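Peer 1: Next come the chains, spelled out residue by residue.
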Amino acid sequence: MASFLDPIGLFGQSSEPLVTPGSLGKPHFTPKVKRVIYLFQSGAPSQLDLFDYKPLLNKMNGEELPESVRQGQRLTGMTAGQASFPLAGTQFNFQQHGNSGAWVSDLMPYTSKLVDDLCFIKSMYTEAINHDPAITFIQTGSQFPGRPSIGSWLSYGLGSDNQNLPSFVVLLTKDKYGQPLYSRLWGNGFLPSQHQGVQFRAGKNPVLYLNNPPGVTDASRREQLDHLSQLEALNYQDIGDPEILARMAQYEMAFRMQTSVPEIMDTSTEPDYIYDMYGPDSRKPGTYAANCLLARRLAERDVKFIQLYHQGWDQHGNLPKAIRTQCKETDQPTAALIKDLKQRGMLEDTLVIWGGEFGRTNYSQGKLTEIDYGRDHHPKCFTIFMAGAGVKKGFTWGGTDEFGYNVAANPVHVHDFQATLLHLLGVDHERLTFKFQGRRFRLTDVHGELVKSILT
Amino acid sequence: MWIYYCKKTDKNSYILAMKKLGIPVLLMVLCSCSVEIPDPVSQAYEALPDEIDFNFHVKPILSDRCYKCHGPDEQARQADLRLDLPHEAARVIKASSIRRSPLVHRIISADPEEMMPPPDSNLKLTAEEKATLIKWIEQGAEWKDHWAFIPPQKPQVPTLSDSQVLAQNEIDHFIFQQASHQGLVPNPMASKERLLRRVTMDLTGLPPTMTQIKNFVEDQSPEAYEKVVDELLESSACAERLTMEWMDLARYADSHGLHADGWRMMWPWRDWVIKAFDENMPYDQFVTWQLAGDLLDNATREQKLATAFNRNHPMTAEGGAIDEEYRLSYVFDRAETAGTAFLGLTMNCARCHDHKFDPVSQKDYYQFAAFFNNIKELGMTGDDGNYGPMLALTDAETDKITAFLDQEIGREEQRRDTLTRNLKVASVPGQTTASPPKIVHLPLDQIRNQRRSDLRDPAKHKGPLKNQVIDNNARATSPGNPQLVPGKVGQSLHFTGEYDELYIHDVPNFEWTQAFSGGLWVNTTKRDSLKTQTLMGTAGEKNNFWRGWDFFLDSQNRLNFRLIHSLPHNYIHVSTLDSVKLSTWAHAFFTYDGSGKAGGIKLYIDGRDQNLDIGYDRLYKSAKTVGLGAHELIDRPVRVAKSYRSYTGENGVLKGELDEIYLFGSSLTTLEVHQLYNSQSLQERQTTSDHIQAHNLAHHPEIIDSDHQLKELRQRKLELMNAIPEVMVMEELPQTRAAFAYRRGAYDAPMYQVETGTPEILNQFPEGTPRNRLGLAKWLFSGDNPLTARVTVNRYWQMLFGQGLVSTPHDFGVQGALPTHPHLLDWLAVTLMEQQWDIKGLLKLMVMSHTYRQSSSTTEEKLRMDPQNIYLARGTTYRLSAEMIRDNALAASGLLVNKLGGESVRPYQPEGLWIEKGNFSHKLLHYRVTRGDSLYRRSLYTFVKRSSPHPAMTAFDAPNRDVCIVKRENTNTPLQALVLLNDPQFVECSRVLAQRVQQEARDSLEEQIGRAFQLATGRSPKDQEMQIFMNLFNTQKEHFRQEPEHAQELLKVGDYPVDPQLNPLNTAALTVLASTILNHDEAYMKR
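Top line first, the protein sequences correspond to chains A and B.
Final position of the first sequence in the working numbering is 524; the numbers increase by one with none missing.
Final position of the second sequence in the working numbering is 2153; the numbers increase by one with none missing.
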């Protein structure tokens, strides 16, 4: 950091905010994507009730999953004890939409209108069968804690395009419970800690410790910092350590964040039609809808990686009812975000990703009744979609067998997805490395194949 | 591009001649050949040192760029070429001959087909690196073993020229010599104030007090500094400081880390570490206890407690997790932690394949891991709580009482035995007492849908009735559909599905001091090599410690009975040697005598007392069932035909028929059991006089009285034990668990069995040493281990100088950094061993050196010559650790509460951070601030919840303790500024510091400011600084004068009371001023 700073500019009244380059200096090749909004659906949404239409399951509803399909796949301890694995057809209607004819269930009325902008991958698969290892895997490339998250890698490699905001921002839906999230999911792992995701929250303290203490006004704080600056200038004269300058630069950045963050978080200037587009929840801070709107505002200010988390997709039982709630909370805002970006021309260089950590089983966990079923974790296939820069529109890649159990064509491993994501940002996943404990680590470990077919 | 054509000649004389002529050296090197050397390489060549050393110059290049494909890893090897073995490398190196060297040819080639490393490897050699390889080959390509694998020899201490009078001890000789080679001269001594601050922060993590500053500044004696150092090393604050470092290394936390990230209690181990440092326990002993204290002869409680080190790893409680997968990950974590912490080896690389760079094979890895494989532990635990092996942390008082109670119990048991032998009772039929009182008898002859009148509490019940009622008995219900079929006696119930289980309500929640018995007729159709079948029981699931009892058929259909406090460490378990037959009615029965011992259990098949296998026999806490989450006592109905377990995929579902269920609140005699098995008529019973006699004895008043006495004594001991906290420790299994090597570490892909062993490349395992963890510790500290001492001194050097002599303290392998001062490192390592691993002695040696004591100020010249301060010609500076920054503020303000050890505390933290991440842990659902003194304890006591560590600590690079960390990041971010400026903890410190200086220096503002600055930074402000402070005070005070309510608001921050005697405007202005001081470079930087 220190080497990029101009000591004279620092102690002067103003210096043009600099863009902070990352460790790569410049990307490996011209990026199509400048920023990413990753809408993480935590708990693993059921692809079979949303996008992966399998009429055979409805036909065979209640019948036993054939062993020829399951092929001894390991199961979680939650259904491994089940005596039977009755196939569960979806209770939701599927229809084809748009010119691309993508199948979407009626749980997603808003998203289904946008399918011609979306790029589906229906052949995602992962290695973990439980939430903690699976979400850690898709977010950091390893099932065990300790590695940097995607956003941290990008911050480390590509730096920041905005000197007033962090390059990696995290938004969690408030008061929404489900499978746990962990700060390691946006953690820096072994990378320097300035690359960790900074969580922005709804409410009065949008970034931890952002606000001045009670009774301290902005003017008073400015005065304090100016005096501190004078002291440090003296100190620098005395000691000669450039680190002193670097520190003061960060104090200035902190001060700027005190203005820039609340500005971003204050959506009151958004016109009504925007709120209407994102849906009624968007007026309630901390909801998924409000976070989607915030994500757009952050993208507008060139925050490089904006990571949302929405919990509650872990429907082991009572799926039909629970998934309705989830979709009601997320469908409209997700679609609105994509539309909004498109209207602003930002979809040209922004990538939106929607998806969870694995899929769900085609058989019922627990009793299958006429009105109820549950689905267990299923790592062998799941669906995600993307929209925006660098990926094909109205396109579907990969597919599953007619049971929706195994990938039938063009499998995409989590590491492949990560490699492709980095590629879109101009980064060769094999060349963005960090040497730690004697080894060059990378997001994709020693794996990852670029999914060229989805790229424009 | 240059092309040289030269004729072969006497090289050395030629070089000499050429040097005299000022002709580039590369010219000479290449004069004997025709090699096209690119310009940049030739230029780089000139700047190379005269002698190229294999370890220091060549190996780092080979290792980093070549070993990936031409190294130890067999799987990845290309072209059947190894560059890590001299004899194999020789064929491509061709020592002394550049022209004939294929290696040289390949590294300078521009042809993508030929060049090395190949383009698709994403690896490149710089011009300097190419030149280095060329020069090394030219000089004869001499190989040396990797420096770190050769045991350190004590080198000669360099003699210094007279001018270097600054040298204080041997360290300086080594440092100065190397600095002077670089043309660097060490700085003079730091000012007294700065030096005192530096050494006090370094050795205690706290700033010097006003008295300490005054005393030291005034003490003109030559021993003044040494006196201070000795005092600091003696202080318990020093022990806390050393413990802070150790907690990172030991990945200490107060939560489990994975998934639910629930509560664990390991702080007693942390307190043991403090104590050990406080006593300056020799390091070899300190580590041996932690690795293997449990294996020492007659291991003491402390020695066992120390082994909690190995249990600090994260654990999962995620439902559905595969137990073995996680158990192995814990084993690997222990091994890798030991590898990193003590050996400085990246063992973890060899989990998936032979190490790509170091001579550590995959087999080495799994042999090393095998040391840590041998404890009885779970892969998936419950959300909250500790899991075995455990150590009960009794105190001396409790020990005394339990010893007394044990004695009393023993005496009473003896009396009962004597009575049994001597009492005269009848041994003929016809004189037995009536049948024992039943708790439950279900004939299983009827079943019908539940009616509202069946409900025990109809008012509470809403919604439709779903249960089946069994035998018209409201206490017996089933939510499923067990079928009525002809049975052993009348009808029986047939269980087919997994939802057919039966519940028996209102059964006492048996404590293990209570005798009880039960049984039934079973006709099972299932035998599954992976599954059990529950007959009946109350034992729970992971989130209530599986507490209760259960009676079940195992995978071989043998009868089993367990009485559980908590798995895997506190329960009793027996099983029969014989199985019940498939598709045949068998009478299965257990009796338990309330002794808490496996020997008190009897199992019967068809009325016959069975020979038993004792699976586990250690029960010392309550077996009464508890609820999920809060773990409060909850009576659970007895569940029949299915266990209460879930999440494991092993739900104990019974298939087949059951009949005639009985439960009794006493231990039935064999005679009574037999009667239940065959109740036709007394004549038909195959009873013996022994059985009758035993039965009559059991019902003799004196025996009953003795049983009563015993129960009371046991109950008293139980109540005592119930309150004893327990910590997770190591305890070796009596039988060695087979250890394997696994393909890429995957639990389900074992490749071959391994025995315990240490890496082949290192020293031999000492003869006659047990091949267990204790042996491992002996090996680690044997004189010929090349790594342990070096790694240790390096880590402590890093603690004091910010950077180790090896800058990669976790990696002494070929990919790690080379020592900047190899001789000093070895001298320190050997000295440490000679001085019996005396850590405080080592620290003293380091801080007494001039190298440590010199001023840290720098000049542009020095910065340019040594930007990283590798040669230590100036004092080192870096940002202090998260803990030290907070502790400094607490100490400066006087808020710091100096209490040693105890439960982890929860100081101020923004609300909602825990619950927003997950709601699985009951105990760690919400962060609740612990008020009072706990707000002001040293930061090493701050609660560490791994998935959501304290954000102010994280901001300053405190790790979340997922893995062993021996070197923290040291960053500079805007979030750090926000913490120091706005965190209520720091705002409160500023306010209380403002109050303190007003109370202590009543007369002058300048004095107050000076004092505040000195308290927080250790030195007095200079005039210019004072002016700035005065100016700030005046403008702030003016501001508060205009808006007095602002002053009131600011003064409200924090729990600490406002001093009403003081002028609030002054306090508020001084608070801003104190905050500025706490944000001053010298409050958070080491200078």
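For the record, the hints were derived by calculation from the structure and aren't laboratory data.
Note that this is a predicted model, so its numbers are computed, not measured.
Incorrect hints may have been included.
[Unchecked claim] Listed next, the in silico DSSO-like pairs over lysine-lysine satisfying Cα-Cα at most 27 Å (straight line):
#1 A:LYS100 / A:LYS435
#2 A:LYS181 / A:LYS435
#3 B:LYS2118 / A:LYS435
#4 A:LYS272 / B:LYS2118
#5 B:LYS1429 / A:LYS503
#6 A:LYS503 / B:LYS1592
#7 B:LYS1597 / A:LYS435
#8 A:LYS94 / B:LYS1190
Peer 1: Against this structure, judge whether each hint is valid.
Peer 2: For each hint, the structure was consulted:
Restraint check for A:LYS100 and A:LYS435: not satisfied, since their Cα atoms lie roughly 48 Å apart, outside the 27 Å limit. In summary, the hint linking A:LYS181 to A:LYS435 is not supported, as the alpha carbons are separated by about 34 Å, beyond the 27 Å threshold. For the hint pairing B:LYS2118 with A:LYS435, the CA-to-CA distance comes to about 57 Å; that exceeds 27 Å, so the pair is violated. For the given pair, A:LYS272 sits about 18 Å from B:LYS2118 by alpha-carbon distance, which is consistent with the 27 Å threshold.
The hinted pair formed by B:LYS1429 and A:LYS503 meets the criterion: a straight-line CA distance of about 24 Å does not exceed 27 Å. A threshold of 27 Å between alpha carbons decides the hint, and for A:LYS503 with B:LYS1592 the separation of about 55 Å lies outside it, so the pair is violated. Distance check on the hinted pair: B:LYS1597 and A:LYS435 sit about 21 Å apart at the alpha-carbon level, within 27 Å; holds. Taking the CA atoms of A:LYS94 and B:LYS1190, the gap is near 18 Å; set against the 27 Å cutoff, the hint holds.
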